[in-house]
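Asks: Residue-level listing of the chains:
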Amino acid sequence: MRTALGRLRGANNEGLLVAVIVVVVVAMAIASPVFFTPATFFALVRSSMVPLVFALGVLLIMISGGIDVSFPAIAIFAAYTTVRWARDGNLDPGLVVLFVIAMVVGGLLGLFNGVVIARFRLPTLIVTLGTQTIYKGVLLTYIGSLYISASELPDSITRLSDVHLWDAPGGGFLHFMIIPVVLVAVLIAWMLRWTIFGRSIYAIGGDAEAARRVGIRVVRTQVLLYTLVGALAAIGGMVYVILGKNANPQAIVGTELDIIAAVVLGGASIFGGRGSVFGTVLGVILVQLINNNLVLVGIPSTWQRAAVGMLLLLGVTAQALGRVRSRKRPVIVQKEVEA
Amino acid sequence: MTVVAQPVLEVHNIVKTYGGVHALKSVSISLIPGEVHCVAGENGSGKSTLIKIISGVEKPDSGSITIGGSRRSHLTPNEAIRSGVQVIYQDFSLFPNLTAAENIAMLSELADRRKLSSRKRIYADAERIVGELGLKIDLGAEVESLSVADRQLVAICRALVGDAKVLVMDEPTTALTHTEVDRLFTIVRRLQERGVAVMFVSHKLNEVLQIAQRITILRNGELVETGPSADYTSRSVAKAMTGREVSEERHVTPLDPDAPLLLDVKNLTRSGDFKSIDLSLRGGEILGITGLLGSGRSEIAEAIFGIRPAQSGEVIVAGQAHKIGSIRDAVRAGIGYVPEDRLTQGLFLDASIADNMVASSLDSYRTKYGLLDRKRIRESIADLFKRLRIQAPNVAAVVHSLSGGNAQRVVLAKWLDRKPAILVLNGPTVGVDIGSKEEILAILREQAAAGIGIIIISDDIPELVSSCHRVLIVHEGRITSELVGDDIQADNIQARLAA
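Listed in order, the protein sequences are those of chains A and B. Here the first sequence is numbered in this note's numbering, starting from 1 and rising by one per residue. Here the second sequence is numbered in this note's numbering, starting from 1 and rising by one per residue.
Chain A extracted, bound-state conformation (with noise of 0.2 Å):
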């Protein structure tokens, strides 16, 4: 199984991925003489960066067994409570303390998520759906619908927003917050690889009777994990507002699809069990490449939606047909007797 061809290809279909975005590039560099310049890998890893933030937690789910469409409502419920906390009583605590709060705002939602789930053992995309509209309906109602502009948000905020990490001479910045992203991305790829935990997740994601059979803790573990990926989202959400300098409470609700695709095409298995950061990272720059430069390429934007669609059709395919050939029983008759 462990062939050379195998390894390249990777555990998840990494190598694949790669292919596939390098054939995109190539595509869209033909097609477009504007296309490859520094300006356009700058804004396609801008792009990139919250959408990650949110794939991470949806990979976590997928690897323990669920599905997860609530992050976008508690990323903007998180970081929306947390900015207009600030304006309202005119305070600026600093962007440590902002985003503890916004991160144990998250953190709440998200562990109402896995009590409801763990607990009473619910499908998990229902539960999700439900308390996706549940949380928005009560940012709406309850802590407010305005706008908050760039000259309301909190300096600590905006002061972060127009922080460049690096110029490229040929136009194009890199972001300051590329930094805490990059870090969130280890740091989940630690946990998962080298962390009890983190293998729980998986051991869960491959059989959630078997884990519970060899003493790990299911309920609890699975709780923890809605609560972390709650507080992931909150940390999106809060890079989501730094990045675009306002807080708009009718934002980010809606992106799911375009995460689960990535995450899906990042090799994740929808059935649990299987997936990786680095995979995700691949999937996220796929689909943003998409996303960013169909437009580009003269294809018109409202193919957009489309073309996610299908990405993420091909991902479940691909994933289809590698489980097809992997259950495919080996033959075992040794050889052909000639006669």
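Rather than coming from a laboratory, the hints here were simulated on the basis of the structure. Errors might be hidden in some of the hints.
Stated by the list, open to error - Among chain A residues calculated to face chain B with C-beta under 8 Å, some are:
hint, residue
1, THR37
2, ALA39
3, ALA43
4, TRP194
5, ARG199
6, TYR202
7, ALA203
8, GLU209
9, ARG213
10, GLY215
11, ILE216
12, VAL218
13, GLY273
14, ARG274
Unchecked claim - Here are the simulated DMTMM-like cross-link-like pairs (lysine to aspartate or glutamate), alpha carbons at most 20 Å apart as the crow flies:
hint, chain 1, residue 1, chain 2, residue 2
15, B, LYS52, B, ASP91
16, B, LYS59, A, GLU209
17, B, LYS375, B, ASP355
18, B, LYS419, B, ASP363
19, B, LYS386, B, GLU446
20, B, LYS52, A, GLU209
Quick reminder that beta carbons are idealized off the backbone N, C-alpha and C, glycines included.
With chain A fixed as given, assemble chain B onto it according to the hints.
Replies: Relative to chain A, chain B alone:
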């Protein structure tokens, strides 16, 4: 056993009821280090409940458990694990997406309450236990890619990587071939030498007698008998399990010499699987096909039924040549097939017995307006329900609530309702207990007597001996020998299989 050791685990007078039904009625059993203790019983005899109580998954209504010298009313799963009780479940409970090494080490990593995982430690732990048991497993491979037998080895290693004192194996041989069973027994004996108390739960008589030092037999939740295995024969165990005389002897009515030739297969070939297969089947005949796993025996059956069609060769059904390129072709030619994995391939588990019975023959109940003839359907269902003696409250019962033997009968009913001329059965009694097995074979004999031609693909030798008119032995994709009539004896088949 000459050395009398103290039991490591004892259960006393355990009673367990589920909603008023007695699953266990005052059962006591003790497990001694270095002894293999077989618990035998039919489906529903209480074996699984007993395992659940020992592993702490279920709490008994009354009775007590003594483990490591302390007596208590029940165990929790974690107490059981910490006291050294390990269960290898029938489905192994492994993680298909993780490597063999991680599966093996997971349990001890969790037991040590570790926070961080270390690949080095995992492989060291896994290699140590694999080495101690003298096994060969590809530790880096994902469990999903391993064979069933290797998965079981992984489960055994996992159970023993900690300090297991009691190992419970629930029906460990169900999915294994003869050679794999032999290998498993070698390992069980090695465990015995290490002083592990093994509780081996099974309903296969020959295995029970082969491996056990002590036998306990359960029937309907009651302990019927217990004693040293030397005191038992397969006949006495079967009698204790079923409560009646069960015969596995040859029970074959002579074939009518004028019976018509139903099936004539000539030169059937599919490269890599089988080559130049010739076989024939007459009305009323029961033909057995056997061979080792991978010999091509199942592939031949699947080709005749069009699941994976042959590349060349002729299939003549009742004198007429048919090209079998798909399942549809086979069904049209009058061939029925009961698949190997009956639970996933042959039944709608959540549908009723009635719906399952007519599932594949609805076409034949069409009225002239293209609607279903409800009355005729009801009659057929009632007739089949009675004819096959399915034990269920009524035909509306859901199939997954049935025992293995009854589920198998529903599959048979489904195929019989199509009134096939030829019925091919792949492993018809795999996973079925001995009483049901006898009845299923009796039903097949009845159907054959009514003129159907029956082919049984099986590696259960007693089953072939007891019911077949002829047995073909397949070896490396070819039919290597044919046994007819009284030549069909267990040792004859065994010798030819090994050749």
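Asks: All hints, please: hold or fail.
Replies: Taking the hints in turn, this is what the structure says about them:
no.	hint	in the structure
1	THR37	violated (41 Å)
2	ALA39	violated (41 Å)
3	ALA43	violated (37 Å)
4	TRP194	holds (6 Å)
5	ARG199	holds (5 Å)
6	TYR202	holds (6 Å)
7	ALA203	holds (5 Å)
8	GLU209	holds (7 Å)
9	ARG213	holds (5 Å)
10	GLY215	holds (5 Å)
11	ILE216	holds (6 Å)
12	VAL218	violated (12 Å)
13	GLY273	holds (3 Å)
14	ARG274	holds (6 Å)
15	LYS52(B) to ASP91(B)	holds (14 Å)
16	LYS59(B) to GLU209(A)	holds (18 Å)
17	LYS375(B) to ASP355(B)	holds (14 Å)
18	LYS419(B) to ASP363(B)	holds (13 Å)
19	LYS386(B) to GLU446(B)	holds (14 Å)
20	LYS52(B) to GLU209(A)	holds (14 Å)
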